[in-house]
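Here's the letter readout for the chains.
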Amino acid sequence: MVDALAASLIVGVLVLAGLSLLLTALNRRVGRLVLAAAAVGEAGLLVQVVWAIVRLAGGARPDGGMAVFIGYLAGSLLILPVAAAWGLGERTRWGPAVVAAGFLVTAVIIVRMQQVWHG
Amino acid sequence: MAEGEAAEPERTARRSGPGRVLIAVYGVFALAASARAGVQIATKFHEAPVAYLLSAFAAVVYIVATVTLARSGRVSYRIAVTSCTIELIGVIAVGTYSLTDKDAFPDATVWSGYGNGYGYVPLVLPMLGLLWLWRTRRTV
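Residue numbers (my numbering), protein chains in the order written: chain A, 1 to 119; chain B, 120 to 259.
Keep in mind the hints are simulated off the structure, nothing from the lab.
No residue lacks a Cβ here, since even glycine has one placed at the ideal position from N, Cα and C.
Any given hint might turn out to be false.
[Unchecked claim] With beta-carbon atoms standing in for the labels, derived distance ranges:
{"id": "1", "chain 1": "B", "residue 1": "Pro168", "chain 2": "A", "residue 2": "Leu35", "range": "43 to 49 angstroms"}
{"id": "2", "chain 1": "A", "residue 1": "Val49", "chain 2": "B", "residue 2": "Gly238", "range": "35 to 41 angstroms"}
{"id": "3", "chain 1": "B", "residue 1": "Arg193", "chain 2": "A", "residue 2": "Leu26", "range": "24 to 30 angstroms"}
{"id": "4", "chain 1": "B", "residue 1": "Trp253", "chain 2": "A", "residue 2": "Val54", "range": "46 to 52 angstroms"}
{"id": "5", "chain 1": "B", "residue 1": "Val158", "chain 2": "A", "residue 2": "Ala57", "range": "33 to 39 angstroms"}
{"id": "6", "chain 1": "A", "residue 1": "Val50", "chain 2": "B", "residue 2": "Glu166", "range": "16 to 22 angstroms"}
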């Protein structure tokens, strides 16, 4: 994996988690801002998935095992859409908090993907 | 927050507000624990059958807790309380046991070391779950 891409993604989703928590603190519901943040995060993750597929197609293999890596790769795309939908269903300040949790989990997944890739 | 809860329709109170976040985190753990147990049992079950079966058991408890926290009704409430209690006992028992007898857990489970591999979230989560269930007990 490209470590620089993963590192920027981690910083990015952490910033977006902070933004979502700020909206919770400001007593805001999930609106366009949070949904846009989730979309931006998801786009970054898609770039990572495409890059991983390119690397795997080129013969590179994750040291920590292919099945585990693919699992995290698929899981990384799943979290934010589900968190956004679940947060959108909550019409209080806790909606953005759900999305913030999604961003934090995404950060952990990216870290784990790095660990699995490097063995 | 108490006012907001009171304003919620009773049938959805448990999955509203902070409960929404709680269920989200439980869902993540249900998914993560199931995936981990699945991979462990499928690829290297013979290495540590007890630890991997424990992983699978933890995964089932997380799934049950997630579903029953999200559902309304008295039965779901009781099952949710039971699952959170099992989790709390499990994480404390396995955490203590994994520290005293490392040979029994050659590979970590979600509850090993009080969940230190998962930022101690497995230890905090059942406490928050029970706290939330207690706070919403009147809305069952």
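Outcome of the hint check:
no.: 1; hint: Pro168/B x Leu35/A: 43 to 49 angstroms; result: holds, 45 angstroms
no.: 2; hint: Val49/A x Gly238/B: 35 to 41 angstroms; result: violated, 25 angstroms
no.: 3; hint: Arg193/B x Leu26/A: 24 to 30 angstroms; result: violated, 36 angstroms
no.: 4; hint: Trp253/B x Val54/A: 46 to 52 angstroms; result: holds, 51 angstroms
no.: 5; hint: Val158/B x Ala57/A: 33 to 39 angstroms; result: violated, 23 angstroms
no.: 6; hint: Val50/A x Glu166/B: 16 to 22 angstroms; result: violated, 34 angstroms
Of the numbered hints stated above, those contradicted by the structure are hints 2, 3, 5, 6, listed in ascending order.
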